[in-house]
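From first to last, the protein sequence lines are chains A and B. Mind the numbering: the first sequence is residues 102 to 407 in the numbering used here, read in order. Mind the numbering: the second sequence is residues 102 to 407 in the numbering used here, read in order.
Derived from the structure by calculation, the hints contain no laboratory data. Keep in mind that the hints are not guaranteed to be accurate.
Repeated chains share a single entry, so a pair holds when one copy, or any two copies, can fit it.
Straight-line C-alpha distance at most 16 Å; calculated EDC-like pairs for lysine to aspartate or glutamate [claimed, not checked]:
1) Lys252 x Asp329
2) Lys407 x Asp160
3) Lys226 x Asp126
4) Lys407 x Glu114
5) Lys252 x Glu278
6) Lys357 x Asp308
7) Lys347 x Glu322
Number of protein chains: 2
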Amino acid sequence: MIRKLIDGIKRTEAPIVVGLDPKVDFIPKRILDKAISQHGESAEAVAEAFWQFNKEIVDHIHDLVPAVKPQIAMYEQYGIPGLIAYKKTVDYCHEKGLLVIADVKRGDIGSTSESYALSHLGGTKVGSSIVKGFDADFATVNPYLGSDGVKPFINVCNEFDKGIFVLVKTSNPSSGELQDKIADGKPLYETVGALVEEWGAQSMDGDYSNVGAVVGATYPEIGRILRDVMPHAFILVPGYGAQGGKGSDLVHFFDKDGLGAIVNSSRGIIAAWKNEKYGDPAKELLGEAARAAVIDMKEDIAGALK
Amino acid sequence: MIRKLIDGIKRTEAPIVVGLDPKVDFIPKRILDKAISQHGESAEAVAEAFWQFNKEIVDHIHDLVPAVKPQIAMYEQYGIPGLIAYKKTVDYCHEKGLLVIADVKRGDIGSTSESYALSHLGGTKVGSSIVKGFDADFATVNPYLGSDGVKPFINVCNEFDKGIFVLVKTSNPSSGELQDKIADGKPLYETVGALVEEWGAQSMDGDYSNVGAVVGATYPEIGRILRDVMPHAFILVPGYGAQGGKGSDLVHFFDKDGLGAIVNSSRGIIAAWKNEKYGDPAKELLGEAARAAVIDMKEDIAGALK
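Generate the whole structure from the sequences, applying the supplied hints.
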């Protein structure tokens, strides 16, 4: 699967993933009002608004980027209707030729991790039929439970041609509380990085493996170190834009060919219509502003990688 | 909320939580066949079977224990229909007077953790209405992202009178790969345990806090240490029974009053009907066998705590 992502990055010349992380605050009034008029003040209304919101963004950006990354928590917050909107979004992105990175950060003991892997990446036999859960292309995985929590995901990657990104160094301010702890003479994120490289050997797909890593744009120096620790792991880089990461911070995450990393931006793109830089917010130019923001981000990263 | 759990433990004299972790293999043929005859070989059929399975168990055990712990991965595996069965199970357990520990192991950066917390424990304002997601009483939380990933859960606990159990030392064989790493002169699980105690100070509810910890029954010596490190944290103990933990292993997880811990058993109870000890498996005595297995577990633990 990682090869498909790399092909997509080469085709679009954009190592960019758009984070589809809707919040009620980001939804233009025209979309939200219509949904509430149809469904009342309900989870169904928010879910419908999320779906229309995502659809308009995807319609305007699908030719510019290889992938999207919906953050499932945003949908899960609205229960079953929210998750129906999540699933519709995944399917619609596939129709539009986008790869989908399910930002689910799941992880459990072995047999339970297998269920999560089948839920988000694989499928389960029921009698003679295969039943799919959410069927994304990649999922993010939490490593705190160790190898036997991650390996079921790798098995599913191998069976269904999918990929994962393991949390190594997250973008948030307190990520260091555990991830930076020095043990065996090195920070814990390096230990996890070495595990990612080891796990990846079981699922190579071209120059990279289907076992990637999440490393926050907010820690560029750590990105440089981890790029060396994990030569076969693609890095998913959150934290660009709204969380503080800039294009120039990203250089070290990439390999010498300008590959090896894909940068996520959520708010900077999906809420760009609220930024006067992209037109009068009162006009609610959701799709157009998202497209312009992706083009700006593409230039920022290309400039930095030059 | 932790006080409600303690009251329930005292009332039932059972520091026991029944893990509602259905798998197709555990479902009696009479239930599965009926569901497939209604819904075909589909996710809907499995979801209906899970729901009937849970209902029969809950009907037979609700007076014996204070709480259940559905493992959401089992339901998520079957997509939207699976999660509908999960939600029906949570609501039904509440009707029967049981507390529900949502075993979701969620955790993300701050704003995203807030969404997860609202999803599983709280509710979200939509206009003037409050929209609930899955509305359990407790959730399990992964600490790998540090304080800013956990605090949004604590805020929601305080607002909605709920609780969490933070993963400290999990029951699986490779839990030590990261959790046992020695940093600052002590294993990482002790660092996380100390954080749990610190976080708990923000949500005290009687002698214990609403911030509990998950510590596997498979590591009794570590349980003893963590009991001291976290004097105000209730311990949720998985790994009893099928994973290898015995009643005598559990002593150290409890305080001097026989409180401070609650032990989970899943397969040993919900698949007890497949064990000849509880009657001829061909009779598929799902509910009766689950009840007998809970009573056996209660005696095992009471004997060990004497």
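Checked hints:
Taking CA atoms no more than 16 Å apart as the test, Lys252 paired with Asp329 passes in neither setting, with 23 Å inside one copy and 33 Å between copies. Proximity of Lys407 and Asp160 under a CA criterion of 16 Å is satisfied in neither setting, with 29 Å inside one chain copy and 66 Å between copies. For the homomeric pair Lys226 and Asp126, the shortest alpha-carbon distance between copies (12 Å) is at most 16 Å, but the shortest distance inside one copy (40 Å) is not. In this assembly of identical chains, Lys407 and Glu114 lie within 16 Å of each other by CA distance solely inside one copy; the values are 13 Å within and 68 Å between copies.
In the homo-oligomer, the alpha carbons of Lys252 and Glu278 lie at most 16 Å apart only across protomers (13 Å), although the nearest pairing inside one protomer, at 25 Å, exceeds that limit. Proximity of Lys357 to Asp308 under the C-alpha cut-off of 16 Å is restricted to the intra-copy arrangement: shortest distance 13 Å within a copy versus 57 Å between copies. For the identical chains of this complex, Lys347 and Glu322 are intra-copy neighbours only, at 13 Å inside a copy versus 47 Å across copies, given an alpha-carbon limit of 16 Å.
Of the numbered hints given earlier, the model fails hints 1, 2; all others are met.
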